[in-house]
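Asks: Generate the whole structure from the sequences, applying the supplied hints.
If you're matching them up, the sequences are chains A and B in order. Just so we're aligned, residue 80 is where the first sequence starts under this note's numbering, counting upward by one. Just so we're aligned, residue 104 is where the second sequence starts under this note's numbering, counting upward by one.
Careful: at least some of the hints might be erroneous.
Taking lysine to any residue pairs in the SDA-like style, the calculated list, with each CA pair at most 25 Å apart, reads [to be verified]:
#1 A:K128 / B:I149
#2 B:K317 / B:Q283
#3 A:K314 / B:Q283
#4 A:K314 / B:I149
#5 B:K202 / A:D311
The set of hints was computed from the structure by calculation and includes no laboratory data.
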Amino acid sequence: MLAKLYDNFRQDSNQAFDWHDYYLTQAQTLPEGPLKRFYQAGVPALDTKLADSPMLALDLETTGLRSQKDTIVSVGSVTMSTKRVKCASAQYWVVNPGARLSAESITIHELTHSDVEQAPPLSRYFESILEAMAGKVVVVHCAAIERQFLYQAAKKLYGQDLFFPILDTLAIEQKVLKQRSLLKRIFTANTSVRLDACRQRYGLPRYKAHHALTDAFSSAELLQAQIAHHLDADKPLADYWS
Amino acid sequence: MMEVELTEMLDALNQYPPFSEMQEPELIEQMVHEIEIQYVRNGESIIVPNTINEHLYFIRSGAVEVLSTKDQLLRRMEEGELFGYLSLLRDGKVSQEIKAIEDCLFYLIPAHWFKKLYVEYDIFSDFFELIRENRLRTAIEAQNQNSNQDVSLMTCPVKSLLRRPPISIEDDVSIQQAAQRMADKRVSSLLITHEEELVGIVTDRDLRTRVIAKGLSYDESVKVIMTEDPITLDSGDFASEAVMKMMAQNVHHLPITKNGKAIGVISTGDIVQKESHGSMYLISDIFKQQDVSALQAISRKMTHTFTQLVHADANSVMIGNALSRIGTTFIERLLQLAEKKFGPAPIPFCFIALGSQAREEQTISTDQDNAFILSDDYDEEVHGEYFKTLADWLCQSLDQCGYPLCTGDIMASNTLWRQPLSQWKSYFSDWIQNPKPEALLRSSIFFDLRCVYGEQSLARQLTDHIHLQTQQHRRFLSHMSRNANQRKPPLGFFRQFVLDGSGKQSKTFNLKERGIAPIIDIVRVHALACGSRKLNTMERLQDIEAAGILQEGRARDLAMALELISMVRIRHQTEQIDQGLTPNNHVNPEHLSSLERRNLRDAFHVVSRQQEFIKFRYAGERS
Numbered sequence: 080m081l082a083k084l085y086d087n088f089r090q091d092s093n094q095a096f097d098w099h100d101y102y103l104t105q106a107q108t109l110p111e112g113p114l115k116r117f118y119q120a121g122v123p124a125l126d127t128k129l130a131d132s133p134m135l136a137l138d139l140e141t142t143g144l145r146s147q148k149d150t151i152v153s154v155g156s157v158t159m160s161t162k163r164v165k166c167a168s169a170q171y172w173v174v175n176p177g178a179r180l181s182a183e184s185i186t187i188h189e190l191t192h193s194d195v196e197q198a199p200p201l202s203r204y205f206e207s208i209l210e211a212m213a214g215k216v217v218v219v220h221c222a223a224i225e226r227q228f229l230y231q232a233a234k235k236l237y238g239q240d241l242f243f244p245i246l247d248t249l250a251i252e253q254k255v256l257k258q259r260s261l262l263k264r265i266f267t268a269n270t271s272v273r274l275d276a277c278r279q280r281y282g283l284p285r286y287k288a289h290h291a292l293t294d295a296f297s298s299a300e301l302l303q304a305q306i307a308h309h310l311d312a313d314k315p316l317a318d319y320w321s
Numbered sequence: 104m105m106e107v108e109l110t111e112m113l114d115a116l117n118q119y120p121p122f123s124e125m126q127e128p129e130l131i132e133q134m135v136h137e138i139e140i141q142y143v144r145n146g147e148s149i150i151v152p153n154t155i156n157e158h159l160y161f162i163r164s165g166a167v168e169v170l171s172t173k174d175q176l177l178r179r180m181e182e183g184e185l186f187g188y189l190s191l192l193r194d195g196k197v198s199q200e201i202k203a204i205e206d207c208l209f210y211l212i213p214a215h216w217f218k219k220l221y222v223e224y225d226i227f228s229d230f231f232e233l234i235r236e237n238r239l240r241t242a243i244e245a246q247n248q249n250s251n252q253d254v255s256l257m258t259c260p261v262k263s264l265l266r267r268p269p270i271s272i273e274d275d276v277s278i279q280q281a282a283q284r285m286a287d288k289r290v291s292s293l294l295i296t297h298e299e300e301l302v303g304i305v306t307d308r309d310l311r312t313r314v315i316a317k318g319l320s321y322d323e324s325v326k327v328i329m330t331e332d333p334i335t336l337d338s339g340d341f342a343s344e345a346v347m348k349m350m351a352q353n354v355h356h357l358p359i360t361k362n363g364k365a366i367g368v369i370s371t372g373d374i375v376q377k378e379s380h381g382s383m384y385l386i387s388d389i390f391k392q393q394d395v396s397a398l399q400a401i402s403r404k405m406t407h408t409f410t411q412l413v414h415a416d417a418n419s420v421m422i423g424n425a426l427s428r429i430g431t432t433f434i435e436r437l438l439q440l441a442e443k444k445f446g447p448a449p450i451p452f453c454f455i456a457l458g459s460q461a462r463e464e465q466t467i468s469t470d471q472d473n474a475f476i477l478s479d480d481y482d483e484e485v486h487g488e489y490f491k492t493l494a495d496w497l498c499q500s501l502d503q504c505g506y507p508l509c510t511g512d513i514m515a516s517n518t519l520w521r522q523p524l525s526q527w528k529s530y531f532s533d534w535i536q537n538p539k540p541e542a543l544l545r546s547s548i549f550f551d552l553r554c555v556y557g558e559q560s561l562a563r564q565l566t567d568h569i570h571l572q573t574q575q576h577r578r579f580l581s582h583m584s585r586n587a588n589q590r591k592p593p594l595g596f597f598r599q600f601v602l603d604g605s606g607k608q609s610k611t612f613n614l615k616e617r618g619i620a621p622i623i624d625i626v627r628v629h630a631l632a633c634g635s636r637k638l639n640t641m642e643r644l645q646d647i648e649a650a651g652i653l654q655e656g657r658a659r660d661l662a663m664a665l666e667l668i669s670m671v672r673i674r675h676q677t678e679q680i681d682q683g684l685t686p687n688n689h690v691n692p693e694h695l696s697s698l699e700r701r702n703l704r705d706a707f708h709v710v711s712r713q714q715e716f717i718k719f720r721y722a723g724e725r726s
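Replies: The following block contains the structure:
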């Protein structure tokens, strides 16, 4: 449902959506608060080269996949450029989702009841998360999840919309896979776009999946690999984000 | 915000040295937070000469190649290896190009962390020791700490077996007084002195056989029953000498002297206590056997003796020594039996061992290399048949005892190598004066010769001749040097492969051919040049060092390289034996530990450099 909302939001504003313009409007119209500050920090100009873009790789772990019912349990982030991922900038938040964790989700992200019970609610951290994202392009693997959960969280906390451009490693990978030659498409079995599967195609090491911070690093490295192999770092950022 | 744990990065680093060896987990964790990560595509350069490098690179995945300024391949590196330190140690100035040969992911450790760890932690700085020789030294020291110098009678001095000062009595006493003294002191032997000079020995056995059994009066002088002028041994001799003497003379007690004075007595019991791995038992067993099939049966124990020595942490010199002695003993015993079988030799002869056995560097399962030097009284018509029969029988018997026939036919059974001294001299004169490349490789084995049985003087005269010839025909040394350059050691290892300078990768390599033999060849040339009469490579190196032929420390570097490579070979062969395989020299890098690979690479480097040096050192020699 939210994905549809976002699509509508993009379509309303035409193909060449002007994120710069959107940020300016938001910065002016929003009431004072963390969200206004986020938009005031701006977004890299449309013609910024990919190579020059400040980026933030981000990952969320959630109680489930439905953004309206489920909530965030942990967030990991790390800043990066096309050439470097900086460990020093890594951040990690575990939050109390305010509901029982399902057994199913525990087996995925391995955060237990006691881990999250002690943790503060998302409201305490959301401002820091916005600060980390401010002024940068967010890099995630599978944009829909992060987009929906962060939108939902902002709506709940501030009663306002939160939209931002994303470099989606999954979308990039799908495009790469589609552009492969027919022969390659026929003879290569591995066409999975799961984060780990994508990484293997680029010779990246296996990391333990479903830890928000590790997955943020995983996406960051994957983007570097995709850029090295398939993207043109001298092209404008706007050619690749969505 | 939660505490950030960079587990993936930390675990990866901690898996590999030097981080795996460091005792400061908090420090490394702190460092990990300052790492940067970089992906580089196959074929791209990571560091290029004439730039400034600011990081120590850890290869998280992928592989790289190091190239010299002349684009020559220096090495390949894989997951877990580090590069960039060479430039960091020179203010960041890059001189070698590093290029990705696969898609790579690197963890970049900031220069300031490298410098901090390098300055403050020895384990860390030792790992980056730039001088391979120094690194080799550390490796050998570590190996020596484990190695048991006392493991073998072969190599421990006889005085280490002495447990107390000798019990002695002046020769003016009666048998009973002597026996009383032995009882008081609870000893099984008593030294008899005259004015403190050793004149005899009395043992329990003497009291039994020479006194009681004969009904001799206890009041008789002890002089009547003592063994006069007993065989003694100098305190500096090897314990193995004691065993040889005791067996040869069938005595159970041997006085040990120092500067002519008795300082103690060793008994067979002392030997038994000392000897745990059985190499001495084996030798004494060999002497007891009466025929070839019996010798063949006990030759199977050799593998056991070998593995026992290895497990007792003997070093390569001890093992080489022990196995060579065993090999020599087989020859001695077989020749004793042969002389019984075919009658005594009609003329003096000398049976010589060649190659590794002569150098006392034998390992398990080595071919036989041997020859006969016959006295110049030799007359083909008269004596030919005898020595041919003797040689054929001996070589076949040795084959049955686990010393396979030499594929190159360098054996006494070959008429060419069963010749009178004068013929041997002209062989050597020809090799030395007219060196031909193909003949050189074969003949190098003859330059290591040792008399095993018979007239020592024949071997000595030949050796004198060789040395004289070499001194007179120095050009020969330059040929030998070129010859010593024929077998090149590998550059190092990459993944499961052996890497050559050309970039060629192979699955296995011959550790003897490409590591040990080149060192032996180099050392032989220097030994000939400085007139050393030693045969053992380590002993030759001592002479070479003393002669000042090599730059300070270089002889020691070669010795270390040899010890290191030899031990890898010995461990490799022990593993093969444990797995029920026939031991050989073909090593697969997959079975080497990362430390062994690193040490071998350093050792190979030493060998390559010394090969280069020797070419240049003797290039100008003229006849």
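Asks: Tell me the hint numbers this structure goes against, listed in increasing order.
Replies: 3
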